Structures are given as structure tokens and as C-alpha cells.
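Undergrad: Sequence:
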Amino acid sequence: MPFSSLPDLRRQRGFLNPNIAKFIGLSILGLGVAAALLVVYALIFINPRLPSLDLITDYRPKVPLRIWSEDKVLLGEFGEEKRSLVKLEDIPADMKNAVLAIEDYRFYEHGGIDWIGIARALATDVLRGSASQGASTITMQVARNVFLTKEKTFSRKLYEVLLANKIEHALTKDQILEVYMNQIYLGQRAFGFAAAARTYFGKDLKDISLAEAAMLAGLPKAPSAYNPIVNPKRAHIRQQYILQRMMEVGFITKAQYEKAAKEELKVRAPGSQYSIHAEYVNEMVRQMVYAQYKEDTYTQGFNVYTTVNAADQQAAYLAVRKGVMDYDRRHGYRGPEETIELPANAEDRASAIDDVMDDHPDNDDILAAVVVAASPKQIDAVLRSGDKISIKGEALRFVAAALSEKAKKEIRIAPGALIRVMQDAKQNWQVVQLPQVEAALVSVVPQDGAIRALVGGFDFTQNNFNHVTQAWRQPGSTFKPFIYSAALEKGFAPSSIVNDAPVSYPAGPGQPNWEPKDDETPAGPITVRTALQKSVNLVAIRTLDYIGVPYAKDFITGTYGFDADKVPPYLPMALGAGQTNPLQLSAAYSVFANGGYKIQPYLISQITDARGKVLSKAEPLIVGNGAPRVVSERNSYMMTSMLKAVAQGGTGARSNSIGRTDLAGKTGTTNDAVDGWFAGYQRTLATVAWMGYDQPKSLGSKEFGAQLALPIWVDYMAKALKGVPQFDLPVPEGIRFIDGEPYYDNFTPNNGLVTNVGVTVVDAISNFFGWTPSQTPAAPGNAQPAPNVPGTSQGAPGAAPGGSANRPQSESARRFLDNTNQGH
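With the first letter of the sequence shown counted as 1, position 587 gets the number 587 in UniProt numbering; the numbers rise by one all the way through.
Watch out, some of these pointers could steer you wrong.
Unchecked claim - In silico PhoX-like pairs for lysine-lysine, Cα to Cα no more than 25 Å straight-line: (1) K221 to K203; (2) K266 to K254; (3) K266 to K72; (4) K206 to K254; (5) K566 to K517; (6) K173 to K62; (7) K697 to K566; (8) K262 to K233; (9) K96 to K259; (10) K206 to K613; (11) K203 to K266; (12) K613 to K72; (13) K294 to K613; (14) K87 to K203; (15) K392 to K406; (16) K377 to K406; (17) K206 to K266; (18) K322 to K702; (19) K322 to K426; (20) K96 to K233; (21) K259 to K233; (22) K259 to K203; (23) K206 to K173; (24) K697 to K322; (25) K87 to K72; (26) K262 to K206; (27) K203 to K72; (28) K206 to K87; (29) K266 to K388.
It is worth saying that the hints were derived from the structure and are not from the lab. From a predicted model like this one, the values you see are computed outputs, not experimental measurements.
Please construct the entire structure, taking both the sequences and the accompanying hints into account.
TA: Rendered as C-alpha cells:
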């Protein structure tokens with residue numbers, strides 16, 4: 001075709017068709033006019049109505065109450081939004097680059113509205129025939145997330161563009177990016193990438209890897225769809241795309257891409273974002289902070305630093321769990337929590353299993369499982385995750401009776417039964433059950449009262465009643481040391497002899513006499529040290545009767561901090577007939593541990609605002625610096641000497657397994673084994689463990705504090721005291737040793753010492769020949785000199801031996817007596 005014919009061809013094809021040219025020209029003109037009118041409209045009507053930028057120029061978002069251990073481990077949070085404010089310079093480069101690569105890689109080049117990006121997105125949408133490409137810059141997202149709603153309207157988009165322009169003129173690029181990184185919602189109630197890093201990976205943002213950063217960067221587009229907990233496959237696909245995008249724009253090398261793409265991520269399970277179980281601690285803190293700051297508690301970003309040590313707290317949690325589970329196993333299997341019909345259809349069966357699982361959530365490592373096959377030799381079950389497990393052999397011993405064809409319906413394990421399983425130390429599955437009994441532990445620093453660990457129950461989600469602070473129970477024989485401490489000030493010594501013989505006290509008109517008993521056969525005359533070591537009831541009662549109940553009550557409540565209205569003014573006080581709680585008891589034992597000073601347990605060391613400004617700080621009374629002395633150093637020395645004998649060779653001898661010689665403590669078991677206790681200490685920690693039912697009932701006829709609470713105490717203290725040097729208790733002033741026995745220097749043999757109580761010549765002879773002691777009626781002045789030891793004192797000056805005023809004379813007293821016949 002000749003060259004000259006080209007114009008004709010173009011005209012034929014419409015390239016220069018006048019109508020088309022006219023249309024294009026008018027369209028351009030119309031768009032220009034519309035744009036001009038839009039600009040005028042925006043300037044006149046919208047721009048003046050744009051909100052103030054104070055919300056981002058003085059950026060103070062809602063930040064939750066955050067609770068920390070004393071060694072800076074996060075224990076928990078309270079608030080609608082999980083958020084940790086972090087400065088841009090503290091955000092890892094990989095995290096910033098991952099966000100920029102996928103959200104707005106030209107962020108530092110445009111002025112808030114990326115016209116090139118918008119054109120590219122429009123072109124892509126036209127080619128694909130759908131509006132799938134977004135063109136929102138990070139600045140526009142800040143405008144939308146902070147100031148606007150999520151409705152998709154033209155006016156809202158116009159507001160967004162104008163706000164983005166306003167923001168760009170008010171803040172630097174780094175400031176805008178910092179707001180974005182802290183404000184954006186990323187699922188699981190997490191706002192900002194610092195909170196997301198902790199939520200999904202249990203890490204501080206500074207510690208995440210490139211692969212983890214890419215996973216988090218995928219969340220802003222659709223926090224639910226790309227949630228690695230809920231939708232791990234979709235999250236992985238998007239993470240891989242972001243890594244590839246980072247390589248394409250030059251943020252990472254090919255080698256970095258390949259390494260990150262292969263990294264296996266460990267996403268945390270829901271509800272497990274905290275590595276330490278401190279639920280009861282967290283709730284105590286929340287209540288204390290709320291009492292002062294009300295609703296600001298949950299939005300102002302308060303950081304509460306507790307006295308709790310993270311490792312000690314976790315050790316306490318595990319010790320309580322193990323102690324409770326061991327007790328539960330000793331008392332037999334109660335049966336499945338529920339049994340359902342399993343449909344034959346596989347899909348229906350899976351649905352039925354999911355439904356019943358929803359009603360029985362997992363309890364930490366105690367998992368719900370539905371049995372699909374059962375025989376005396378093997379159980380096959382399905383977990384919540386869908387994994388199938390088999391349990392056989394020795395692991396079935398606990399539920400052997402429930403697998404028998406003769407088993408009662410309520411305990412039988414059959415297909416459809418919902419049971420509980422957990423893995424042992426060797427990762428073998430075994431059948432267990434959620435316990436009904438409760439337990440608690442609290443550990444206090446005796447020198448200042450700082451609470452190092454506190455576990456208020458077996459599981460907070462199952463029972464949020466805090467047994468450390470709220471459970472007022474009879475302390476049993478853990479109260480006996482306070483009786484003997486009072487007796488030391490009345491002339492007793494560890495070597496004082498008291499008759500372990502049956503005794504009978506009148507209980508009032510028309511009432512049978514009170515005749516307290518021990519589990520063991522009365523031993524006759526024994527030393528106070530031996531009596532405490534073996535937890536002999538009769539000796540504690542005789543000692544209290546001798547020194548006088550009114551004196552003892554005043555001394556004990558005034559010295560050790562027990563509530564006077566919870567300590568009965570009757571002889572059963574000697575057996576722990578009053579009421580206390582584990583926290584109060586730990587403070588009382590701290591007086592023994594620290595040499596005689598009264599401390600006040602405290603949990604919060606300081607509170608700061610979101611920027612680190614200290615709002616309040618604890619000022620505890622410290623031994624040697626403000627803590628009041630309430631008993632002499634020699635008294636606490638004597639008591640520690642006797643309580644060490646309990647821990648080393650008495651009812652607390654299980655503590656020897658820790659391998660220390662500086663432990664002291666006392667077991668306690670209330671009547672019918674309703675409560676089991678162990679209260680003990682080393683110089684640096686005073687710890688109390690308790691076990692019992694919320695609705696008081698017997699823990700078992702063969703259960704004592706030594707089997708119930710002491711194992712919990714031992715497991716905890718073995719870890720808490722690891723690496724702590726042995727403490728050799730120095731002999732204080734005012735102590736004299738005679739024939740290896742300690743005495744107050746003003747209460748020595750032949751010089752004011754109460755040598756024996758309730759011991760007659762007949763008792764001494766009977767004891768010598770091994771005869772059974774006879775019952776001794778209570779009478780004033782029952783203390784007697786030791787046989788053939790002339791001149792021994794019957795009591796220190798001012799002592800108040802016996803006397804009917806010390807003995808129960810009312811129905812209320814009788815009730816105390818009925819509840820106090822046991823105590824080990």
C-alpha cells in the first residue's frame with residue numbers, strides 16, 4: 001500500500017473521527033470542571049469540617065492495664081484493646097519493611113495520596129473487570145482508622161483523601177508510620193504490631209524473625225482471614241507472598257527470602273500468650289488498681305510491677321497442680337464428665353464430637369477427649385484438635401474398674417464418653433479427671449513482706465475464689481508453735497517436760513467433759529521439743545492451760561497478727577480451733593523466719609503510666625528499717641530450733657528431700673481431715689500450702705497435712721531455693737546452752753524454768769517402766785517439780801497455771817471442742 005494512502009486508511013478506521021475527538025475533548029473538559037467543582041466543594045464545605053489532628057499529634061490511644069513480675073515478665077493484661085506503644089526506632093527494620101512492601105512501598109515518595117498507585121490499581125481493575133485493587137496509602141489508613149468509619153461511600157473516601165493530605169502537612173513520615181504501627185487492628189484484640197507479636201508468637205517485637213514479621217504484616221488487610229491461629233493455611237500463603245514482595249522491591253536478598261520462606265513458625269495457642277500462670281495475682285492487682293483509678297484502669301496504659309518472681313510463680317503453679325492431681329488420683333475415678341451417642345455417619349460424628357467439646361474446654365494440660373473405642377486393654381479417643389490418641393497398659397490402671405463390663409453406668413468408660421487426658425513426663429497419655437478439691441500456696445519474703453508467689457486455687461477459670469486471701473479456715477496444728485512461743489515468755493524451754501497423758505476438762509453444766517485425743521498412744525512425760533516435733537495435742541493443751549488462755553490469746557494476736565475475733569478464748573485454741581488464711585499465716589511464720597519482726601505482705605511494688613512515669617511506689621517496712629520488733633530474737637531462735645526438728649525428723653520430715661538443713665515448719669490437719677496445711681520457711685522465704693474442699697468435708701481418714709500440703713510445699717521450695725546458700729542461724733544474746741539445750745538466760749534450771757507440767761512421781765515412774773499413763777483430771781496448779789530434783793520452779797513469776805477461767809463453760813465453747821480433736 002502506498003504511503004499516500006495512509007491518511008485515507010486512518011480516516012476509514014476512525015482514528016481522526018471528528019465526533020470521537022469532540023467527545024474526548026468534552027469529556028476531558030467535563031472531568032476538569034467536575035474536578036474543579038469538587039475541589040471548591042471540598043475547600044468550602046469539607047475542609048473546615050475536618051476533625052482536629054490532636055488524636056495523632058498528641059497520640060494517646062487506649063492502652064490496657066499491664067501487669068509484670070518483679071523480673072519484668074508480662075503476667076497479664078486487662079482492657080478492651082491489647083496494645084503496647086512502641087517508638088518507630090525500636091521497631092525492627094524487617095517489621096517496617098514487611099509492612100511497607102505489602103501496604104505502601106512508595107510511602108516515603110508520595111504526599112499521602114499515591115496517584116501512581118491509584119492509576120495502577122484502576123488499570124488493573126479495568127483489565128480484571130472487578131474492583132479488587134486497593135489504593136489506600138498508609139497515611140490514608142491512619143486517617144480512616146483513627147478518625148473515620150469503615151463505610152464504603154464516596155463522601156467517606158473524599159474525607160479520607162483530604163484528611164491524609166492534612167496529616168501529611170502536620171506530621172513527618174516517621175511520625176505517621178509510628179502511629180500506624182501502633183494503631184492498626186491485627187486480630188485477637190491486638191492493636192499494633194507489638195501487641196500482635198506477643199499475641200501470636202509470645203515475643204517482644206524486637207525479637208521476632210523476618211518470617212514472623214512477614215506473617216504479622218499480612219494481618220492488616222484482613223485480620224480474621226489471615227489470622228495464623230484461626231486460618232493457618234491462608235496466613236502462610238499470604239506470608240510467603242509478602243516475603244516474595246519484599247525481595248522484589250529490594251528490602252531483602254534472595255538468600256534471606258529462601259531462609260525465611262522455609263522457617264517453621266510456632267504460633268501460640270489461644271489463651272496461652274502469657275508464659276507464667278498468675279491469674280489469681282492478676283485479679284488481685286486489677287481490683288487494687290481499679291479501687292484507685294476506676295475505669296481509667298483499662299485504658300490509660302498503667303504498668304503494674306508486682307513483687308512476684310516469674311520462675312517462683314510458675315513453680316508454685318505447677319506444685320499446686322501436681323499436689324491436687326496426686327491427691328485426686330489416690331481417691332479413685334469418678335467417671336466421665338458426659339457420655340453422648342456417636343452417630344454412624346463420619347461427618348455427623350465429627351460434628352457431635354465438636355459440640356460436646358465446646359461444653360468442656362481444655363484445662364491447661366488437662367485435655368478433653370471423646371472415646372471412640374474402649375476395652376479393658378485400650379482406649380482410643382479424639383482430642384479437640386482432631387488428633388487421635390490411644391491409651392493402654394499401665395496408663396489404664398487408674399480407670400481399670402470403669403472399663404469393666406460390670407462397671408456402674410455413671411463411671412463406665414464407653415464409646416461417646418468425654419474423659420480427661422494428659423501426658424506424663426515421658427509424653428505417654430493417661431486418663432485423669434478434673435479435681436473437685438482445691439489447694440493454694442503463698443510465699444513471702446520474711447524481711448519485707450514481698451509476695452514472691454501466689455496461687456489461689458487449682459485453676460482460676462474453673463474457680464476464681466482466691467483461697468490465699470479469702471478462705472478463712474481452721475489452721476490445725478500449724479497454730480501450735482504460737483502457743484509454745486507464748487510459753488517461752490512464761491518460763492518454758494524446749495527441754496521443759498509436759499505429761500502426754502489423757503486429760504478431761506469440764507465443759508459446762510449438763511455437758512460431757514471434753515477429752516481431747518491424739519492419734520498415737522499417749523507417751524507420758526515428753527519434752528516440748530518432742531511434743532512439737534510429733535504434733536502431740538495433749539501437750540499443747542496442757543501447756544496452754546498452764547500459761548493461761550487470756551494471756552496466750554493476747555500474746556499471739558498482738559505478736560503474730562492474727563485477728564482477735566477469729567481466735568477462740570478457750571483451750572481448743574491450742575489445736576488451731578480459730579480461723580486464718582494462708583496469707584495471714586505466712587506473715588505470722590515470717591516473724592519466726594526474720595528474727596522477731598512483724599511484716600506486712602504486699603504485692604505491688606510500683607505503678608507507672610504508659611510513658612513510664614512512676615505514679616505510686618510501695619514503701620514496705622523492712623527488717624532493720626522500720627519493721628517493728630514484736631518478739632525477742634531469742635524467742636524466734638528457740639522456735640526455729642524446734643521447728644527445724646519438725647522438718648528434719650518430725651511430721652515434716654518429707655522436706656529432707658530438698659537436701660537442706662535450714663528448713664523449719666509445721667504440718668496441720670483439722671478435725672476429720674477437713675483441711676491439710678504445711679507452713680514453713682527458710683531465712684529468705686516463708687511459704688504456706690493448704691488443701692481442702694470449698695464446702696468443708698473430710699479429705700479422707702488416712703489423709704494428713706504431711707500427705708496433702710507438704711508435698712506441694714516441698715515441690716515449690718525445692719525450685720525456689722535452688723542456688724540459695726544455706727543459712728546458719730546465729731545464737732542471739734540472752735540464750736545459754738546447758739548440756740546442749742538452749743535456755744533463756746533468765747529461765748534456767750533452778751532459776752525460774754518451768755521444768756515440767758502435769759508430771760507426778762507416779763507418772764515419772766510409769767514412764768520409766770513403760771506403763772500406760774492414766775487419765776489426769778485438769779486442776780489448777782497441775783505443774784509439779786521434776787522428781788528428785790529439789791528446788792525446781794513450778795513456773796516463772798507471774799505465770800497463771802490452770803484455772804477454770806481458762807476452760808470452756810458455754811455452748812459456743814463446746815462447739816469449738818467438738819471440732820478440735822485432731823491436728824497433725
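Undergrad: Given the hinted pair K322 and K426, is their alpha-carbon gap at most 25 Å?
TA: Holds. K322 to K426 sits at ~16 Å (cutoff 25 Å).
Undergrad: Does K203 lie within 25 Å of K259 when you go C-alpha to C-alpha?
TA: Given pair K259, K203 holds - Cα atoms ~20 Å apart, limit 25 Å.
Undergrad: Need the status of pair K206, K266: alpha-carbon distance at most 25 Å?
TA: With Cα atoms ~17 Å apart, K206 and K266 stay inside 25 Å; holds.
Undergrad: Next pair to validate is K206 with K613; report whether the Cα-Cα distance is within 25 Å.
TA: 23 Å, holds
Undergrad: Taking only the CA atoms, is the gap from K266 to K388 under or equal to 25 Å?
TA: Holds, because 22 Å separates the two Cα atoms, which is no more than 25 Å.
Undergrad: Verify the proposed pairing of K96 with K259, using a straight-line Cα cut of 25 Å.
TA: Satisfied, since the Cα-Cα distance of roughly 19 Å is no more than 25 Å.
Undergrad: Hey, K173 versus K62, does the alpha-carbon distance stay inside 25 Å?
TA: The hint holds at about 23 Å.
Undergrad: Is K259 within 25 Å of K233, Cα to Cα?
TA: Distance ~19 Å between K259 and K233 Cα, so the pair holds.
Undergrad: Is K87 within 25 Å of K203, Cα to Cα?
TA: Holds, because 17 Å separates the two Cα atoms, which is no more than 25 Å.
Undergrad: Taken at face value, is the distance from the CA of K72 to the CA of K87 at most 25 Å?
TA: 19 Å, holds
Undergrad: Compare the distance between the alpha carbons of K392 and K406 with 25 Å, and conclude whether the hinted pair is satisfied.
TA: 20 Å, holds
Undergrad: Can you confirm whether the C-alpha distance between K697 and K322 stays at or below 25 Å?
TA: 21 Å, holds
Hint violations for this structure: none, all hints satisfied.
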